[in-house]
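*Asks:* Chains H and S are the protein sequences, given in the same order. Those letters in the first sequence? Residues 1330 to 1535, by the working numbering. Those letters in the second sequence? Residues 1330 to 1535, by the working numbering.
Keep in mind that the hints were calculated from the coordinates and are not lab data. Some clues are possibly wrong.
Identical copies carry no separate label here, and so any pair may be met within one copy or between two of them.
Said to hold, decoys possible - Below, a list of computed lysine-lysine pairs in the DSSO-like style, where the Cα atoms sit at most 30 Å apart: (1) K1339 <-> K1396; (2) K1339 <-> K1369; (3) K1526 <-> K1379; (4) K1379 <-> K1369; (5) K1379 <-> K1363; (6) K1363 <-> K1526; (7) K1396 <-> K1369; (8) K1339 <-> K1526; (9) K1369 <-> K1526; (10) K1339 <-> K1363; (11) K1379 <-> K1339.
Chain by chain, the residues run as shown.
Number of protein chains: 2
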Amino acid sequence: MGRTSNAREKILGAARSLMAQRGYSALGTAEICKAAGVPKGSFYYFFESKEALGLAVLDEHWAMQRKDWERVLTGDGAPLDRLRLLFEETEAGQRAGQESCGTVLGCMFGNLSLELSNHTEVIRGRLQEIFDAQVDMVQEVVAQARQRAEITAEDTRDAARAVVAQLEGQVLFAKLYNDSTRLNVMWRNCLAILGAKASGETAGVA
Amino acid sequence: MGRTSNAREKILGAARSLMAQRGYSALGTAEICKAAGVPKGSFYYFFESKEALGLAVLDEHWAMQRKDWERVLTGDGAPLDRLRLLFEETEAGQRAGQESCGTVLGCMFGNLSLELSNHTEVIRGRLQEIFDAQVDMVQEVVAQARQRAEITAEDTRDAARAVVAQLEGQVLFAKLYNDSTRLNVMWRNCLAILGAKASGETAGVA
Chain H
1330 MGRTSNAREK ILGAARSLMA QRGYSALGTA EICKAAGVPK GSFYYFFESK EALGLAVLDE
1390 HWAMQRKDWE RVLTGDGAPL DRLRLLFEET EAGQRAGQES CGTVLGCMFG NLSLELSNHT
1450 EVIRGRLQEI FDAQVDMVQE VVAQARQRAE ITAEDTRDAA RAVVAQLEGQ VLFAKLYNDS
1510 TRLNVMWRNC LAILGAKASG ETAGVA
Chain S
1330 MGRTSNAREK ILGAARSLMA QRGYSALGTA EICKAAGVPK GSFYYFFESK EALGLAVLDE
1390 HWAMQRKDWE RVLTGDGAPL DRLRLLFEET EAGQRAGQES CGTVLGCMFG NLSLELSNHT
1450 EVIRGRLQEI FDAQVDMVQE VVAQARQRAE ITAEDTRDAA RAVVAQLEGQ VLFAKLYNDS
1510 TRLNVMWRNC LAILGAKASG ETAGVA
């Protein structure tokens, strides 16, 4: 079984890499198996469909990213320091991707939301769960900052959604312009959206 | 020639509708011609490639949207009133799409940015031009609001980019959750990003 589970990992790894670069629709299972170096016939032994593989890639990617988000957002520091670290790590991650692949790959969840959400309900549902979980995690930090009277935003759910939306929108532009430095304004915008008090910062303040 | 130009319009219309629903990669020229009701062989008489058709769809869509943006953003009202109207019309447009198609279709430019920007440089370049033009138009209104001391954002370019990024991010979520009412918080977030003075609003203020 060591051998077969190794083939499954190879298929998953190849699919993850190909999806990050070219999306989901343009890929075929034969191409994925070729990139994975496994016989084409073995695909359906491990995955019942391309959609099942897509879900497995999403789940694996979120399991890793979730650990990062939890480490950063549930640490000991002040709430806004933790949130700032999330933005810094996001920028660093996109910069590292750009350096290793030559292009900013963007956010897999955002990419698939726009590519797929209107034509596979199973993947749409999974992406909704992932973004709900992200908003939950950000909302908790926002609520803590609000309790400390460090921000003025009253509806912490709407504020957390706006923060994640700003992140997705800026990552979209970083990908389109292939320029991860575009992300360095995100934190200022986040503070403005939250109505952060001490900083008095808005999008345009250096 | 009346007949041939009519066929070109039919291909364009079918491609636009199919791309809005299913993206670009998943489409084939045969399918587009079938939906357009024109002979498959006529495709290359009008378009030299699928990519050329994709560009034509983008150009046509932006020509229409640009007129709407110009009408709204260069009107006589106060700058922030004009910007607010842009957000209201965006929300109304997504709501109308949801009512007629059953699903929120999102922003064609955002959709294609995430689906395609890393694998067709020609389309990436065109999308960059379109978003540059959008940011230019928003920046002009933001600069006018700044001149009237109605907002505190100092770098009007960064602020305009953040406003368009917030719009794209929220439209992404409206599409993913198939819920156009998610867009009704956009204006509050926009005011917060700009550091609007009179309102004192932030993302969470009702």
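*Asks:* For each hint, tell me whether it holds in the structure or not.
*Replies:* Here's how the hints hold up against the structure:
no., hint, verdict
1, K1339 <-> K1396, "within (22 Å within a copy, 50 Å between copies)"
2, K1339 <-> K1369, "within (12 Å within a copy, 39 Å between copies)"
3, K1526 <-> K1379, "neither (48 Å within a copy, 51 Å between copies)"
4, K1379 <-> K1369, "both (13 Å within a copy, 29 Å between copies)"
5, K1379 <-> K1363, "both (15 Å within a copy, 26 Å between copies)"
6, K1363 <-> K1526, "neither (55 Å within a copy, 58 Å between copies)"
7, K1396 <-> K1369, "neither (33 Å within a copy, 50 Å between copies)"
8, K1339 <-> K1526, "neither (49 Å within a copy, 55 Å between copies)"
9, K1369 <-> K1526, "neither (58 Å within a copy, 62 Å between copies)"
10, K1339 <-> K1363, "within (10 Å within a copy, 39 Å between copies)"
11, K1379 <-> K1339, "within (15 Å within a copy, 33 Å between copies)"
Taken one by one, the earlier hints fail for this structure at numbers 3, 6, 7, 8, 9, listed in ascending order.
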